[in-house]
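There are 2 protein chains.
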Amino acid sequence: MDGEGGGGLKPMDSEQLREYGHQMVDFIADYYKNIENYPVLSQVEPGYLRRLLPDAAPNQPESLQNVLDDVQSKILPGVTHWQSPNFYAYYPSNSSVAGFLGEMLSAAINMVGFSWITSPAATELEMIVLDWLGKLLKLPQEFLSPGHGGGVIQGTASEAVLVVLLAARDKTLRRVGKSALGKLVVYGSDQTHSALQKACQIGGVHPENCRLLKTDSSTNYALPPEIVSEAISHDISIGLIPFFLCGTVGTTSSATVDPLYSLGKIAKSNDMWFHVDAAYAGSACICPEYRKYLDGVEEADSFNMNAHKWFLTNFDCSTLWVKDRNALIQSLSTNPEFLKNKASQANLVVDYKDWQIPLGRRFRSLKLWMVLRLYGVENLQHYLRNHIELAKYFEECVGQDSRFEALSGMYTLRFAVGAPLTERRHIAAAWKVLQDEASTLLGTPLQDNGNPS
Amino acid sequence: MDGEGGGGLKPMDSEQLREYGHQMVDFIADYYKNIENYPVLSQVEPGYLRRLLPDAAPNQPESLQNVLDDVQSKILPGVTHWQSPNFYAYYPSNSSVAGFLGEMLSAAINMVGFSWITSPAATELEMIVLDWLGKLLKLPQEFLSPGHGGGVIQGTASEAVLVVLLAARDKTLRRVGKSALGKLVVYGSDQTHSALQKACQIGGVHPENCRLLKTDSSTNYALPPEIVSEAISHDISIGLIPFFLCGTVGTTSSATVDPLYSLGKIAKSNDMWFHVDAAYAGSACICPEYRKYLDGVEEADSFNMNAHKWFLTNFDCSTLWVKDRNALIQSLSTNPEFLKNKASQANLVVDYKDWQIPLGRRFRSLKLWMVLRLYGVENLQHYLRNHIELAKYFEECVGQDSRFEALSGMYTLRFAVGAPLTERRHIAAAWKVLQDEASTLLGTPLQDNGNPS
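Here the protein sequences line up with chains L and P, keeping their order. Quick note on numbering: the numbering used here labels position 152 of the first sequence as 146, and the sequence is numbered without any gaps. Quick note on numbering: the numbering used here labels position 431 of the second sequence as 425, and the sequence is numbered without any gaps.
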């Protein structure tokens, strides 16, 4: 920004955007080119960055090169490289060229899409693309936009479960009276994501009324329907009001699938909302051979899948479908004077502000649209199958080393394959690390049955 | 993505990212170059896009050029151009070269920063940059990170007011008992942003207990402290429990400033949380001559300003400071097994997941950091002052046309200057439009006192 002086700042000059944008593209492409040279987990100590940066913002502008030098030398060492092919922690957070381009375009248009009128394309593209993805997942028709339901992009699965919990809470309270909030009960399992508990905290559900039912190895840590039924009956008998049940397709700890059909039937017969959280595993269900894991979703009131986990769409993009969008709107709408407009008043359009916690929202559908178009469904299916193959390869590695069999039941390895750049050689290298650790731990040298070919 | 076939998708190839990234930079730079050629408000009818796009995602990949052609011919006509220099609706949503570059970098690193360990740089840069901005705003020391307080980037002001309302709610319920939720009362004015009411809905505060006190022209629509005191006394006398007061610096409808100091004193003497919403106007307070509008913020428990409105930082970037971060953490933390790590367990670090609604979060501090560094404080002050000058120029225009004086009190023109590209000529053109409308309305020709020079 040199040479502009204090009086002539042009913060959105198209030619400067062009020049600096190209410079940034090269910086980022080089980062990806060299990504394997970084340690996956950042090695810094708490407080490292404060020692490297000044105490206050600069009075005068600095050059982009200065800033990029700092990114290279001060920021990147503090980054845990989720895009590294050697990242197997938590769940993957997929970036892709298409997703990245979508983020660029969204940042460039930089509109705030609370109502349809604030950029009709943002609302309409979101509806269309969520219908596309819903069809790929073979979701029941009621989840698609032409009827009373529809899809919406939330920031995270935490927000998805929160908004449907609020919708369910208010729907129930309209039936039983507002003063009953303290009697409402939520059900999930001890494998359900902690977002459920947080949603209860936020929505004012009594912490003691959030039932995380115990699971064990007899059901492979899936939630047994009879345990749910018993808990619900007991709660009703003591005057409480069951209103929300969460099932999971692909739990965080062990990717277990809850029995959706039975859980859904229980929820329905007790006038409860049934939410299905498939944040991670849902992506795989666009492959016909894995669609079976969603069987029973037709009994659900809402369904969530994170395209930002394993579907090549940059964070954040958590796709949520509901059968009854009015339940969301009744909980989350506000209609102040300054947001009124003809299209909304005439009820001709969807205003996504009423489907979510914040008022403002980014143009997030662009990146999902670009992923679907630039890769195409067959490529995406191939991508998911390839990761599943890589995970099987890792399983084979483990199976051929008797020391790991010997330890099973004591330590559990959770190894999440899903980074876009991961290939067979990265799995082999990770396995080598684990074997070396085992050798050190057990005091025995590495055996020669290291990697299956 | 042609030529890769179904078997060889490389979704994160560095050279493809380079090639396509450059292509996208040029597309975006051209958009900004021509931005004045678009009608600011999208002219499409509800449902326009569904007629232009296919019913399902493509099986085979499409070329980037195809997609960009569709962006140009199908998406952009449905965009309301918030970055146009002729955009004066709602509030501005500032994009800038620096903010855009920050978004690019954040999308490229694409980490999910829920805990410090998931990318230490993301947490630490956020703390540092919020301290920088807090110092520019001359916030009291208790809001900065070295003590018990600190800053955090939320997505929107709605989320900011929600998280502090939840913190206040739970702090009060710890004192008076959980069953008192139905007795809690919130106070704001009829000019307070609708986000306060939505936060009450979400947090389970009784809708009848959200007091939006009436204001009028006698205080220029600011909230009179004596009205607040009376309402609180009355509520206490009937057994209710006041717990939260929201003051505004720059209301949505007329940019009014509530009397922070007096409101803060009232809140303190009643054991209530005092939140200050300066979402829009806060930016201007980095100029010494406008800092007076924050006088009294030292009495607040929390303070919020949207860098994505008028501070050249792309949406979303809502900066929130609190004096007692533990109040947030006590309301919003969950600590499941899969998120445990040494640094968090030892309490050595900040884990921002416990300061916000979602679990996952983007690397949003990068863009604010780049704005502060690439422009520098003096340029930013100049930028804000220039917009205020332009608004004054508009005021002059209006003042010189007697027809608008004559109508005042019947119609209110809300004209928000703040788009990065806006210059004096855009104001003049907008004024011309308004004059022409007035001529049509009044049946009188345009007078020759149109624009002050």
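These are calculated hints, taken from the structure and not from any lab test. Among the hints, erroneous ones may be present.
Note that the list lumps identical chains together, so a pair holds whenever it fits in one copy or between two copies.
Stated by the list, open to error - Straight line, CA to CA, 25 Å or less: simulated DSS-like cross-link-like pairs of lysine-lysine:
1. K177 <-> K165
2. K426 <-> K165
3. K336 <-> K68
4. K4 <-> K386
5. K4 <-> K27
6. K129 <-> K68
7. K68 <-> K386
8. K334 <-> K129
9. K334 <-> K208
10. K177 <-> K386
11. K129 <-> K27
12. K386 <-> K27
13. K4 <-> K208
14. K208 <-> K317
15. K27 <-> K68
16. K259 <-> K129
Task: Alpha-carbon proximity between K334 and K129, which holds within one copy, between copies, both or neither at 25 Å - done: For K334 and K129, neither the intra-copy (33 Å) nor the inter-copy (37 Å) Cα distance is at most 25 Å.
Task: Within, between, both or neither, where K27 and K68 count as close if Cα-Cα is 25 Å or less - done: Within one copy, since 19 Å is at most 25 Å while 34 Å is not.
- [ ] Indicate which option fits the pair K4, K208 if close means a Cα-Cα distance not exceeding 25 Å: within, between, both or neither.
- [x] Intra 60 Å, inter 42 Å, cutoff 25 Å: neither.
- [ ] Tell me, please, which holds for K4 and K27 at an alpha-carbon limit of 25 Å: within, between, both or neither?
- [x] between (33 Å within a copy, 13 Å between copies)
Task: Identical-chain pair category, K129 with K68, by Cα at 25 Å - done: between (45 Å within a copy, 22 Å between copies)
Task: Alpha-carbon proximity between K259 and K129, which holds within one copy, between copies, both or neither at 25 Å - done: Within one copy, since 23 Å is at most 25 Å while 57 Å is not.
- [ ] Up to 25 Å between alpha-carbons, please classify K129 paired with K27: within, between, both or neither.
- [x] neither (36 Å within a copy, 38 Å between copies)
Open item on the list: With identical chains, the pair K426 and K165 could be close in the same copy or across copies; at 25 Å between alpha carbons, which is it: within, between, both, or neither?
Closed with: neither (54 Å within a copy, 50 Å between copies)
Open item on the list: At most 25 Å between alpha carbons: which applies to K334 and K208, within, between, both or neither?
Closed with: between (48 Å within a copy, 21 Å between copies)
- [ ] Up to 25 Å between alpha-carbons, please classify K4 paired with K386: within, between, both or neither.
- [x] between (54 Å within a copy, 20 Å between copies)
TODO: First find the shortest C-alpha distance between K336 and K68 inside one copy, then the shortest across copies, and answer within, between, both or neither for a cut-off of 25 Å.
DONE: between (51 Å within a copy, 23 Å between copies)
- [ ] Go through the copies and call it for K68 and K386: within, between, both or neither, with a Cα cutoff of 25 Å.
- [x] neither (38 Å within a copy, 43 Å between copies)
Consistency with the previously given hints fails for numbers 2, 7, 8, 10, 11, 12, 13, 14, ordered from lowest to highest.
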